[in-house]
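Trainee: What follows is the residue order along each chain.
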Amino acid sequence: MLLTRKAEFSASHVCAHPGWSEERNRTVYGANANPNGHGHNYLLEVTLEGDPDPVTGMIFDLRELKDILNEEVVEPMDHRHLNREVPPFDKIVPTTENVAIEIWRRLAPRLSRGGVKLANVRLYETSDLYVDYGGES
Amino acid sequence: MKLTRRYQFSASHRLDTPALGPQANRELYGKCNNPHGHGHNYLLDVTVAGSPGESGQIASRAELDTVVRERVLARYDHRNLNADVPELSGVVPTTENLAVAIERALLANWPLPARLAGVRIQETDRNIFELETKR
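Chains A and B, in that order, give the protein sequences.
The first sequence maps to residues 1 to 137 in my numbering.
The second sequence maps to residues 1 to 135 in my numbering.
None of these hints come from the bench; they were simulated from the model.
Glycine included, each C-beta is placed from N, C-alpha and C at the ideal position.
Keep in mind that the hints are not guaranteed to be accurate.
What the hints assert, rightly or not - Here are some chain B residues pointing at chain A (derived, C-beta under 8 angstroms):
| id | residue |
| --- | --- |
| 1 | 4 |
| 2 | 5 |
| 3 | 58 |
| 4 | 60 |
Work out the full structure: start from the sequences and follow the hints.
Mentor: Have a look at this one:
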């Protein structure tokens, strides 16, 4: 059975590869490369897979899930500049793909226990663009 | 990893199959069979799959937008699907058939490194059709 919990955070970022010229960054990332940055209201959907516990009837304690999402994602990223304030985005371009992978990396160890595992991270950068990441390399 | 981008187009259509008579068409398609047609604001989600690579992007948003705009939006938006879209000629423009036609239009000489993973079309808030690309 799948369980999905949503969380939101608002953050600014710049998408520009430090090893590339300004022109190449402009070509690859368009307006996302504007040097002073811009922001999004990110919407995160975290999906867990597992069986309901026979006693509690729950796959995962929702309050604990909310606390983990807050600790690992919302508190460190909300109202922050991702490149300047949230490692590893001082070194890695904070595209939607890379932010989703980083969120997976932070959450997977804390959400996998017993028969429960993190199944998918869906990150909306806008209502028109989202990525899905399931831990694949 | 997958990336999904949402687009919108508005078009009119009429559902009527030559395989059935007028009465049977009215019974089968209901209001969708009204002779002068009607329209929808379609939402089209296009999903691609791949690895982010050095740029951190599965696909260039600009390149994906160009493909979808040229092959679908420019040809479907503000058109009559029965009359104006050649690949739908002789096809009942149900959203199922629309999904198949759009997938085919996108797949022909697909130009991006990322793989086309599927299309999803929302005809109204209550009718959604999704097709997973197998190739």
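Trainee: Now look at each hint and say whether the structure bears it out.
Mentor: Okay, the hints, checked on the actual structure:
no., hint, verdict
1, 4, "5 angstroms, holds"
2, 5, "5 angstroms, holds"
3, 58, "6 angstroms, holds"
4, 60, "7 angstroms, holds"
The structure meets every hint from the earlier list without exception.
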